[in-house]
Amino acid sequence: MGGSRRIPVEEIRHIAELAHIELTKEEEIVFTEQFNRILEYFSMIDEADTENVPLTYHVLDLVNVYREDEVHESMKRDEPLRNASKKEGRFFKSPRIV
Amino acid sequence: MSRIYELMAAELPDKVRSQEVSAEEHLHSILERIDRVDEKIHAYVTIAREEAIARAREIDKKARRGEKLGLLAGVVVAVKDNICTKGIRTTCSSRMLENFVPPYDATVIERLKTSDAIIIGKTNMDEFAMGSTTETSYFGATRNPWDLDKVPGGSSGGSAAAVIAEEATAALGSDTGGSIRCPASYCSDVGLKPTYGLVSRYGLISYANSLEQIGPITRTVRDCALLLSVISGHDSRDSTSVKIPREDYLKYLISDVKGLRIGLPREFFGEGVEEDAKEPVLEAVGKLEEFGASCCEISIPAMKYALPAYYIIAMSEASSNLARYDGLRYGYRDENDEGNFDEVFSRNRRIGFGAEVRRRIILGTYALSAGYFEQYYLKALKIRTLIRRDFERAFKDVDVIIGPTMPLLPFNIGERIDDPLKLYMCDILTVPANLTGYPALSVPSGFRKGLPVGMQIIGKPFDEGTLLRVAYTFEQNTKYHKYRPPL
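Residue numbers (this note's numbering), protein chains in the order written: chain A, 111 to 208; chain B, 11 to 497.
Only chain A is shown next, with the shape it has when bound in the complex (with noise of 0.2 Å):
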């Protein structure tokens, strides 16, 4: 399977897009060359034999865990604007969208 396959440094520039992490240019370099390595080591799972296991997404049998819709008091509305470094009267000041 793709253990051999080596990534460029185009996809990992796609994939830190998708990630929305900037990287340097030395980055791409250094972190393209250690995915490799990292990537290629994780490929030995391909060996295990997997056929029809099912899936552990969790380890706890829960399903659908619900409780009772009670009003509880909130917070104040200043407490969660306490923490943004920019924010205009009782709002969060966000970056141009497009």
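It is worth saying that the hints were derived from the structure and are not from the lab. Predicted, not measured: the structure shown is a model, and the values here were computed from it. We put the CB at the ideal spot given by N, CA and C, even for glycine. Among the hints, a few may not be true.
[Said to hold, decoys possible] Per label pair, the in silico range of CB-to-CB distance:
1) B:493 with A:123: 47 to 57 Å
2) A:143 with B:381: 19 to 29 Å
3) A:117 with B:301: 48 to 58 Å
4) B:159 with A:123: 37 to 47 Å
Following the hints, put chain B in place on chain A, whose structure we already have.
Just chain B now, kept in the frame of chain A:
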């Protein structure tokens, strides 16, 4: 008594209740200790001096009035800096959260406060808990109190170092792939990763939510049991918290292992595990046999895939959990707002996150992306099933599984940090307990070359009681828990 900072969590509350020792004088003794040694160790990111003193005075006031005091009256607890503390900044040792002050307490913090414990401060860690050495902290590395050139283990390295250096009576850590047990082993502490679902994760800043648990780091097994009794139990604010009755874990502290069946997995003593890491553990197992336990060799064949499967799952979950950091509502926001939302967002994340965090987010995004999802992520989840099956099968014949916590002795600061893969390999013996959700405890089991070696005891789900009993039996019949680093 001049060195009251040495008191254990199990000793102090009675003395505070009877006013033999005041919570305030005890706290001052610890603060002085911090002032004296933390310059060398750097266990703390933030020390909440004023808040702690105010709390201590309240507790003493209660004691004087004869009011009922909690289980941890006056106990000074250090908290890993990824657990939210209302009004005390919580940084995850990251530039991203350098100035983040949570508006609420994590459930475990509420429970500590209700038990009259004192939060002394927030401890250093690998950035966002991603590491095994506490070197990736934005605020600089923590040093191992036993040898200041060595790493203390990680990612809860600050908590483990603070406890053995007596800069706190006990601490909380979090364990995603060994982050409590690894530093406990490297610093000679007792560290417990509880069964997944036993301790609420509400207020724990998520890294890999299907793997991690909060747990105690202490100097003795008794203190571990005491802290666990306080922090465990159902919490409706964490939907993965399990509804089982709360327990008093102190009742399991019996020095007796007669009839106990111990499984020694061949994979925990095989290739890649140093002699210095194995020997003390085998000697410790011999000791348990003297007290009536029996041993057999077992095998966990899927172990060879555990590490890659763990990293694929952890990175995938990280890429999702850390997507929230855009610098908008909280977190690092660069002065430069040039460009559109995506560009600003990506810039904040480049500057706010360190290299290892960015590596894991990008690799996790890769493992979840179209075309690789099946090959990496789904395959890893199937291997998780195989590992679980191996452990289930093993536990039909044994009560506990024992091996070393770490495959090697504490190494030099800087020695492995430039090679991510080499660093990941250190977690080989700790990740199975996270993949399966099983409880696991590291207890001091000796020294090699002047450095501590921890024994790891893995148990059946929700059988923390047996882990504590085995660790207690070993501890009570040895002296390792009494040694302190020369500081």
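Please write out, lowest number first, the hints stated earlier that are contradicted by the structure.
Hints that this structure does not satisfy do not exist here, as all of them hold.
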